[in-house]
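Colleague: Given next are the chains, with one letter for each unit.
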Amino acid sequence: MQALLIAVVLLWSAQAKLRRPARPVAAYRALGAAETVVSVSLLWPSRIPALASSLLCAGFLLYLLYAHRRTPQASCGCLGAQSVPISMRSILRAGLLLTVSLSAVFWPVPVTAFGWAFGVVAVVAGLAAVVTLSPELDRHWLLPWRRTWARWTHPLSAPQAFDVPLDSTVQQLHHSPAFRQLASDLASDVREHWDADEWRILLYTIRSQGRTGTAVFAVPRLRYAPDAVRATVVDLV
Amino acid sequence: MDDTMNRRSLLTSAVLGSAATLVGATALGSLAPEAAFAGGTGAPPLPTGSKQDVEAGMRDPNFAEGRITGIRDTMLLVAGSDATLWRIRVTGGTSIWKLRPTTFDSAAVGDGLYARGVLLPDGTLAADSIWLNIVNLVVHVAALSRDTIHFDHRGNRIVGHVHHGTTAASYNGTPAVQDLSMVTVGRHAQVLGAWLPDTNEIDIATVYTTAG
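Line by line, the protein sequences are chains B and G. Following the working numbering, the numbering of the first sequence begins with 1 at its first residue and continues without gaps. Following the working numbering, the numbering of the second sequence begins with 238 at its first residue and continues without gaps.
The shape of chain G in the complex, shown without the other chains:
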């Protein structure tokens, strides 16, 4: 906990320590990443040779999807929907999303997953970003109840759970707010959320709709 606080204090000071608000003049010098990496310290270079151009119709080798079948240290074993078996390595630089930005501890066997990263020569995918159980649904609002929004998705009922402090609503394309009181029964909506595996329920991250 202290380490986290110290790290956050350091990074907060780094970005706010300078009075400059203009791009190009920050606490640590130039904004250009080349300048920040010029010292040659930090993480070792990634094998740039593994980057591949994706031809039209071909599978993107730097993208994986499927469900987690096992977790070994910092490695996720994933079975893809097309029967591909993935080994996905999580590093300190990997962003993990599960309803909100979270940590590796949140990953569980059975979770659905999308991952993007760099395919290493040993066949593992060094993940830059992992989204767990993420769903993006076009629905209409069927009913409202306490902390729950019932959605109709192509005739199927989906139960959406509201998490106060996390769930947000964006009305008419305006910036998201935490006030969900304008969500209206019968309106169309697009919902970003985290699926609760093997159920028809989701935790709602953001609901995009029109104000009632």
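Same shape as in the complex, but just chain B:
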């Protein structure tokens, strides 16, 4: 049972390495070939392939621990083309595979030991655990699930959110002739703002010829009309 689980995982890992055009490194392809050989040999009723897979999994685990420590942003390139930094999930997956491989060496359990149905369920459960611990595969099941869940629950909906954000007002201001005329002398970001009926008033600090004052802009709050933006400059900070 354990051997079948490891064989499937190694075969998946091998095809990811051998079919990946972006990683033509010889050692990477050699690893994929070794995984293929071990995965096929695991179908043979012997403990030697299980021992080989244990060594392979131990190597993976040590490599991930080393890489996680030295270059945590690097992708392990384990189970897919998706570039994902090495995380604790990847390390747990390698640990799980090593444990299962060792159990196949010392306590091998045939798939049919408790009946076919149980064997299949156990292998599928094991594969599900591997998939769950594989960040490379998240985009195939986790992201779609989260997207669907968000569609059902609408966690960010805010029925009252009709007010115009300041960001939008500033964007309109930047498109206005009034702003363009004063922009080169503006010294600050938005200093203060408030709403006055259909207008939003924004204050900036303005500096010219060594003197400091305030540029006051009135921007239409509920309509897009950059040409209607009004401005004045006051000698007051």
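Treat the hints as calculated values from the structure; they're not laboratory data. From the three backbone atoms N, C-alpha and C, an ideal C-beta is built for every residue, glycine too. Honestly, I wouldn't trust all of these hints.
[To be verified] Distance ranges between label pairs, derived from CB positions: (1) B:19 x G:448: 31 to 41 Å; (2) B:51 x G:345: 54 to 64 Å; (3) B:55 x G:400: 15 to 25 Å.
[Stated by the list, open to error] If you want the footprint, here are the derived chain G segments under chain B, 3+ residues with CB under 8 Å: (4) 357-368; (5) 405-417.
Assemble the complex: chain B is given as a structure, and chain G must be docked to it using the hints.
Modeller: Chain G only, in chain B's frame:
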């Protein structure tokens, strides 16, 4: 409070008092700042001699960044990431941003800071603009929950808090709106926000993304 209201009423009247909407004709006369300053009143002139041209590869002397280590009256003491110690003076004309335009009271020891202003001869930076804890991140949306967006930033999880009334979203480059319901899991996004110091959390100001 009354002073603020009176000041705002005065400035609102100043900018809206005139029927003119064309540039060049406002309530107080010409839009040109030279005209507004012609009376010679108001803030004293800044030492223009302190303005320096920045050569390529050299540090801009009118820009500071770091974390606030102390606050004395209107002075921020800041330790830069390159070990530079800054003294940043906040004036009435300084804009302060911390998730939204705010006041000097919002600054706290431990806040990260970017500041731009004028370097004075005494070594202090008279700040024109200060941005507290501002972050600008290119991420992808990993998950959504109630008033929270979880981002993935180079493999690291960032928790973004939504503040209704402040947080906005800009979809496909259109003007920002407060409706965040079109933010979609799996999409790339650029997020402007305020970092909560020493955490992996931010308050979201604006999220720029594509509509789902």
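Colleague: Take the hints in turn and mark each one as holding or not.
Modeller: Going down the list of hints, with the structure as the test:
1. Taking the beta carbon of each, residue 19 of chain B and residue 448 of chain G are about 34 Å apart, inside 31 to 41 Å as hinted.
2. Judged by the Cβ atoms, the range 54 to 64 Å given for residue 51 of chain B and residue 345 of chain G holds: they are separated by roughly 60 Å.
3. Look at residue 55 of chain B against residue 400 of chain G: about 53 Å separates their beta carbons, and that is not inside 15 to 25 Å.
4. For a cut-off of 8 Å, the count of residues in the stretch 357-368 of chain G with a CB near a CB of chain B stands at 3, and the three-residue condition holds.
5. Requiring three or more residues with a Cβ within less than 8 Å of a Cβ of chain B, the coverage given for the stretch 405-417 of chain G holds, as 8 such residues are present.
Taken one by one, the earlier hints fail for this structure only at number 3.
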